[in-house]
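Each chain, written out:
There are 2 protein chains.
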Amino acid sequence: MATAADAMVARVSDRPGPHPRAMPLIRRYREDDWPALGPILHETFAAGDTYAFDPATSLAEIHRAWIELPAATFVACTPEGRVVGTYYIKANQPGLGSHVCNCGYVVAPDVQGRGIASALCEHSQVEAITLGFRAMQFNLVVSTNQRAIRLWQRLGFAIVGRLPNAFRHRSLGFVDALVMYKVLAS
Amino acid sequence: MATAADAMVARVSDRPGPHPRAMPLIRRYREDDWPALGPILHETFAAGDTYAFDPATSLAEIHRAWIELPAATFVACTPEGRVVGTYYIKANQPGLGSHVCNCGYVVAPDVQGRGIASALCEHSQVEAITLGFRAMQFNLVVSTNQRAIRLWQRLGFAIVGRLPNAFRHRSLGFVDALVMYKVLAS
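Quick note, the sequences are listed as chains S and C, same order. Residue numbering for the first sequence follows my numbering, beginning at 3 and increasing consecutively. Residue numbering for the second sequence follows my numbering, beginning at 3 and increasing consecutively.
Watch out, some of these pointers could steer you wrong.
A pair holds if it fits inside one copy or across any two, identical chains being indistinguishable in the list.
To be verified - Derived lysine to any residue pairs resembling SDA-like cross-links, with alpha carbons at most 25 Å apart:
hint	residue 1	residue 2
1	184	172
2	92	56
3	92	176
4	92	71
5	184	166
6	92	175
7	184	72
Keep in mind the hints are simulated off the structure, nothing from the lab.
The following block holds chain S by itself, in its conformation from the complex (with noise of 0.2 Å):
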């Protein structure tokens, strides 16, 4: 059954750019899904330039924290069924924060350019406002990745916050970090 999700993702990826638009499938994780997933996540930290994790982080400690916290992994595929991209949603905070939900992407270096960002996180608001969530926020955008943050400008997140010097980056030093926020429902 095609959802409110899949309609977004087509609309997206219709859209004329640059590079020809990948089409992905987005669908829910399923472990099976692990060999292909974890070098893409593995070798995305390991360069230290867009995510906190350590650069030596083991293949475990990061199915830790990308399957087994979040409250929903989700994954990109090419037609041909290739996992290329992925995401988690989980909440923010404990308690009286937990309306706010926080996600995390990752594409496949040799696939990016194509839309796949772009339709993983349109797919995650819709997937945060059924999960009951009313805003999303990224806690830690580094601020040398101008692709990035243009593209979540481009989605409806604003700039709320720059923390000075709060990311280390591998190869340019301690350089500043965004917080970037959306309202999905009031």
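Dock chain C against chain S, hints included.
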């Protein structure tokens, strides 16, 4: 042996103020503090106006969050040895964000306004530097908690972000939360 943190607390406590200063002794938490400390935390969180913890959070969950998960927990005691306040300190993010710490502070309701929160915060800043942290971040300062905001500002914290309706205040409903930040070392 008197530490730098002890000296700082003495200085803070010597300041003239509208209320008698408590001259708290601040020391590491010990497990036999729990019968006195647990109820102070439980009562604070049950009020639902300053911390995100669900007001119904159990003592066992509070113990885990305040004692077991942080890097360290401290208590403030009166000269007679009564536990009247506490703070925890922990890394705010893993890996490449782990040079920024996060602390939480609680003072027993009947001794508020006597400089104990101020003493705890100054102590925590010294402790943070000792532990190798370079900055301190508060992720969810409830915007209606004006006394705390003024105190953190007086102690050098800046408001670096504002999260719309990010806190579900038990009596006021959804209110904004602030992100506050202080660089401790350059």
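Here is how each hint holds up against the structure:
no., hint, in the structure
1, 184 x 172, "between (28 Å within a copy, 23 Å between copies)"
2, 92 x 56, "both (20 Å within a copy, 16 Å between copies)"
3, 92 x 176, "between (27 Å within a copy, 19 Å between copies)"
4, 92 x 71, "both (8 Å within a copy, 19 Å between copies)"
5, 184 x 166, "both (21 Å within a copy, 9 Å between copies)"
6, 92 x 175, "between (29 Å within a copy, 22 Å between copies)"
7, 184 x 72, "within (19 Å within a copy, 29 Å between copies)"
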